[in-house]
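Input sequences plus hints: build the corresponding full structure.
Here the protein sequences come in this chain order: A and B.
Residues in the first sequence are numbered from 77 upward in steps of one, following the numbering used here.
Residues in the second sequence are numbered from 57 upward in steps of one, following the numbering used here.
You may find that some hints are simply not true.
For each label pair, taking beta carbons as the anchor points, the in silico distance ranges come out as [unchecked claim]:
1. Asn153/A to Arg78/B: 40 to 48 Å
2. Asp443/B to Leu527/A: 45 to 53 Å
3. His249/A to Asp299/B: 25 to 33 Å
Straight-line distance between alpha carbons at most 25 Å, and here's what the computed DMTMM-like set of lysine to aspartate or glutamate pairs gives [said to hold, decoys possible]:
4. Lys469/A to Asp382/B
5. Lys440/A to Asp414/B
6. Lys558/A to Glu516/A
7. Lys469/A to Glu339/B
8. Lys404/B to Glu516/A
9. Lys469/A to Asp486/A
10. Lys513/A to Glu339/B
11. Lys400/B to Glu244/A
12. Lys434/A to Asp110/B
In case anyone wonders, no lab produced these hints; they're calculated from the structure.
Note that beta-carbon positions come from the ideal geometry of N, C-alpha and C, so glycine has one too.
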Amino acid sequence: MPAVQETVDRVRQIDVDQYRYGFETLIESDKAPKGLSEDTVRFISAKKNEPAWMLEWRLEAYRRWLTMTEPQWARVNYPKIDYQDLYYYSAPKPKKTVSSLDEIDPEILKTYEKLGIPLREVEVLEGVVRPEGQRKIAVDAVFDSVSVATTFQKELKAAGVIFMPISEAIREHPDLVQKYLGTVVPTSDNYFATLNSAVFSDGSFVYVPPGVRCPMELSTYFRINERNTGQFERTLIIADKGAYVSYLEGCTAPQRDENQLHAAVVELVTHDDAEIKYSTVQNWYPGNSEGKGGIYNFVTKRGDCRGNNSKISWTQVETGSAITWKYPSCILRGDNSRGEFYSIAISNGHQQVDSGTKMIHLGKNTTSRIISKGIAAGVSQNTYRGLVTAHRKATGARNFTACDSLLIGDKCGAHTVPYVEAKNSSALFEHEATTSKISEDVLFYCVQRGLSQEEAVGLVVNGFVKDVLQQLPMEFAVEAQKLISISLEGSVG
Amino acid sequence: MNVALVKNETASALSDSFALARGRLPGSGKVASAREAAFAAYAQAGLPHRRIEDWKYTDLRALMRDVLPLAAAPDAAELTRAAAAAKLHAIDGVRRLVLVDGVFAPQLSDLGGLEKGVSVRTLREALEAGDAALQAQLLAPDNANPMVALNSAMMTDGVVIDIADGVVLTQPLQIVHIASGHVPAAMFTRSLLRLGKNAGATLVESYIAAEGAKAYQVHDSLIIAIGNNSRLDHVRLNEDGRDAFNISSAVVSLGAHAHFNTFGMMSGAGVSRYQATIAIAGEGSKVETNGVNLLNGKQHADTTLFMDHAVPNGASREIFRAVVDDRAHSVFQGRIIVRPHAQKTDAKMMTRALLLSDEAEADNKPELEIFADDVTCGHGATTGALDESLLFYLRARGLSEKEAQALLIQAFVGEAIETIVNDGLRELAIAAARRWLEARG
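What follows is the structure in structure tokens.
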């Protein structure tokens, strides 16, 4: 069938190149010398005015990293990374000490405006028309290696919640940081986590005191701007006894031809009866339609349900990055603790995704649930890799896992690699996985009722991922839904 | 590091035993050089350990430590003990082909009155005097898997069965592996079954121990080629001694519109691994792979299946059940790959484990690797204990705790056993399961 000009135009218009956040912000920046050495580590630590113990911690991690080798087991292929060809620290050049938002480089503010991130509290505070149910969100904006602004500090402080860049927390709350940092993801955990421990520059720190329900959603927005820069952020969230916090994370980067490295570490700790809900919308630049450029996203995320009756819930929408290597996990240590993992991983173009979770049942009567939806289109490869394990003493452990994959086109691949390990007879594990393509009948039905092929696919996919979208905070759910349609554009026709 | 040390010691001990055994290994020329290459591949890798993904749950360096020297050919006393064991485990109505301590024993085998179109040779004959094509087929398994490489290097005997086009055998063939030596030793066997076009056969493989056989190692491999429009039913029963090791591999290929039905029951051996690669190379073929592990004590049994859909319109079903008691450890790794262009593939896998004791362990790793979009693939895995409410129901109706458990376990494994098509063999498997339950007390 000859393609109608209109169709050709439309497809060109929505090619995978059309990454919405691909612009670059032109600002002066302050960088560490290229390459990685003990001096780089010392440089970063000095830039952050860190105490001696922190520098020692970093150097130990760095020395450890030198003895480690890059992991090869994931189903991803990429040329060898030259770790000496990267900048490990880049900060927007400060004009002077910043005391209010107005003094921040307007270029940066514009960047966040373009991204739709509310940094100005006033707008939200004075916003007369606020749709029903829309809550306030406190934002910590991380630009390359530093946090540029954190909103609603005052209001949070009144509630007793500490929400600040981790670099500040190291100085202002050293006891808390020292007590928890590296206890969930040890410095020697894996190659990328160790690298992160040595060179992490910024990230968010959250501490919710006992019995406090955080009055608003907390959010961090990550942006890689500089060329040849790796972003290594570190997030540490602690929910003390009976506390609750919901945290959102979003990320974008400019369009570039070279690959950029992003190796983050996220640590969550919940004490008795506490709950952390962690949501991610990951939309790093995925590379162009030929697979050139894009972010290498090698992230270690882990939550430790340390107390009884505690809960950690991970929700992720993964649409960006050239390569995603990410396994948000839960260590269910406390009795009756609960872990949840809801994931939508969409790969298009030349993207490669190897993502999943680990549910490690240690305490009694622990429960976990995994819902993973993988969608592969273009020539991408999409792998779910998950581990569910019950240790000897994890009496009454329960897990339910469902991972479904949807294939769009015959050049992509969808893979499922679950590990189900039971060392306790009272453990009850259920796992199911399916792989299929979108039913022709369903598509035909939609098209016949006047939807375009693209819209029909979008509709079906949104139905397919509904279970996970429902877990997202409302503000994110809407954004995520749009994002899914955008990432799949160009996959049919 | 310790691991390296162990590897070196093991490797050098084994090189010595390979050198010693070389004179007893059949075949020269190409066969001999293939053995050298296979041994080199094995020597480089050493015994597989948990750092190798495929062997994550079965660390042979920890479990097996060492490969024992090649078993001596059986003497008269050993053959007598083997004959007694064969009689004890005899199956009615099958044609028996017996290997004692890794050597074909014609005096214990039924070789008379072979049907027309069926030929049976020993591996020794085939390696020494077989045609080049046959030898190539026997040497085909690649050396990437270290235990297959070791088997290729050391194989001493086995049976080579050819079934001509159009021949449908009514009598099942049985290959019986008997260990009879009082001295711990290793036997290395390889068998081949070639089924022509429009043919049909039933093959049973049994592993048993004669009285007094101790801590022996079975290293076996089986190559099966199924022609177009043919059907093979395959049943594998492992009743090796409780201190024995059984490392077996199968490489199966199917032509077009062929049908392969295989069932395996593991109740014997201290440590066992059965790794099967089944490749559908012709369109419209169907594979059913089913199995049951019945384990107790400190047994360790690993079933690793690799289902390869290389062409369109293939179908595969896998049903696997494990019953794990005491401190036993059951492993199931099932990988289904659907290669690009293998459209309209229909693949399903279901694995379930029943844990009867708090110290038992079951590891399941069902994997899907899909490169074609118009497919229906799925897998499921469950692990759990016996359902309390079902037990209560049966207890309320007057059954003892053990009886109630036995009934539920029987039903649990029944689903896999029911897939055996041959009535006699199915009854045999049911009886074996029942015996295992009775022995539980």
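For this structure, which hints from the list above don't hold up?
Of the numbered hints, 3, 7, 9, 11 do not hold.
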